[in-house]
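Work out the full structure, taking the sequences as your base and the hints as a guide.
Under UniProt numbering, the first residue of the sequence shown is numbered 1, with each subsequent residue one higher.
Simulated from the structure, these hints should not be mistaken for lab results.
Careful, some of the hints might be misleading.
What follows is a list of derived Cβ distance ranges for each label pair [unchecked claim]:
#, residue 1, residue 2, range
1, ARG31, VAL239, 37 to 47 Å
2, ASP245, CYS275, 50 to 60 Å
3, ASP19, GLU328, 44 to 54 Å
4, HIS154, GLY340, 36 to 46 Å
5, VAL239, LEU337, 26 to 36 Å
6, HIS108, ASP19, 36 to 46 Å
List of simulated lysine to aspartate or glutamate pairs, EDC-like, C-alpha gap at most 16 Å [claimed, not checked]:
#, residue 1, residue 2
7, LYS92, GLU142
8, LYS92, GLU66
9, LYS201, ASP98
10, LYS201, GLU142
As the structure is a prediction and not an experimental result, all values here were calculated from the model.
Glycine residues also receive a C-beta, built at the ideal position from the N, C-alpha and C atoms.
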Amino acid sequence: MSDTTVEDPDLARARAGDDAAFDRLVAPLRRELHAHCYRMLGSTHDADDALQDALVRAWRGLARFEGRASLRSWLYTVATRTCLTAAERRGKRALPVDLGPSSDRAVHGDAPRREVAWLGPYPDGDLADGPAGPHARYEQREAVELAFVAALQHLPGNQRAALLLFEVLGFSAAEIASVMDTSTASVNSALQRARRIVAEKVPDRSQQRTLRDLDDARLRRVVADYSAALERGDADALVALLTEDVTWSMPPLPHWYRGIEAVTDFAVAVPLGACGAWRRIPTGANGQPAAASYLWDHSAGAFGAFAIDVLTLRGDRIGEITTFIGPEHVAAFGLPLTLGR
Numbered sequence: 001m002s003d004t005t006v007e008d009p010d011l012a013r014a015r016a017g018d019d020a021a022f023d024r025l026v027a028p029l030r031r032e033l034h035a036h037c038y039r040m041l042g043s044t045h046d047a048d049d050a051l052q053d054a055l056v057r058a059w060r061g062l063a064r065f066e067g068r069a070s071l072r073s074w075l076y077t078v079a080t081r082t083c084l085t086a087a088e089r090r091g092k093r094a095l096p097v098d099l100g101p102s103s104d105r106a107v108h109g110d111a112p113r114r115e116v117a118w119l120g121p122y123p124d125g126d127l128a129d130g131p132a133g134p135h136a137r138y139e140q141r142e143a144v145e146l147a148f149v150a151a152l153q154h155l156p157g158n159q160r161a162a163l164l165l166f167e168v169l170g171f172s173a174a175e176i177a178s179v180m181d182t183s184t185a186s187v188n189s190a191l192q193r194a195r196r197i198v199a200e201k202v203p204d205r206s207q208q209r210t211l212r213d214l215d216d217a218r219l220r221r222v223v224a225d226y227s228a229a230l231e232r233g234d235a236d237a238l239v240a241l242l243t244e245d246v247t248w249s250m251p252p253l254p255h256w257y258r259g260i261e262a263v264t265d266f267a268v269a270v271p272l273g274a275c276g277a278w279r280r281i282p283t284g285a286n287g288q289p290a291a292a293s294y295l296w297d298h299s300a301g302a303f304g305a306f307a308i309d310v311l312t313l314r315g316d317r318i319g320e321i322t323t324f325i326g327p328e329h330v331a332a333f334g335l336p337l338t339l340g341r
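Structure, rendered in structure tokens:
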């Protein structure tokens, strides 16, 4: 990772104890550091905590920053080590597909699995565009796609960190060895194993490549048609948007559905049949089209925040729907928790 190491006047002030100067130094890097923590941990909440912890550690240890590498590289080192500690305590995050086979028929009254650490969505508004570093293989948005972040969860922490630092941020193997306090040979070995596992779990074609083939109007139309079909309770309109091998999962509910028949059966029985009235707001999550879902609450007389639906496209049709249930996900996107009629 080649960074310039120009001395910033705020660095001397921060070393002398000026916390406002430290905030100014960190501000341009905060979003990308937060995205790195999310990739490592699979949760915006965990990323919030890890970044806060990392910045406190960096502030307290700034006097030990010698300037041989850039401040950016040093902050990534602190953030990565913080995330490795957090990941070791918490373990990997999962999607319903990781828990067992798909269900052929709709499951009514599916109980949430609160004991499972679930993968969560990431707001597009928190992402920067383009590559994260000059030697990076992945773009920022490509490196938060659901399939990629889910695949990362199958890696041990050291392999996850090595892959992200090398492929996403453009660190060299020697620099990664310094970050992780290990040998270059160990880093190269970890990279080899990590690449093999990730290649087995991510599709050949990224969502960013798929989305680039669709103009903005067509992409907006897919989300609008999906939202309208669910709001109208129109199963035929919904089915027309889906691929034959579509999947639908809804963490923290453990059951998930694969194939047009099973997904249609679930849609008719539950979101279109048993839930009541819906409203949706288009948004973006994990570099993919998404919608915030609101369910009518009779007692409140308003639509209450329910979930973030992340759509994975195959061409201009929906191949996966991942519904992250919980108002906390909607809140993380900066969206309202209630909507009027």
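Can you name, in rising order, the numbers of the hints this structure does not satisfy?
2, 3, 6, 7, 8
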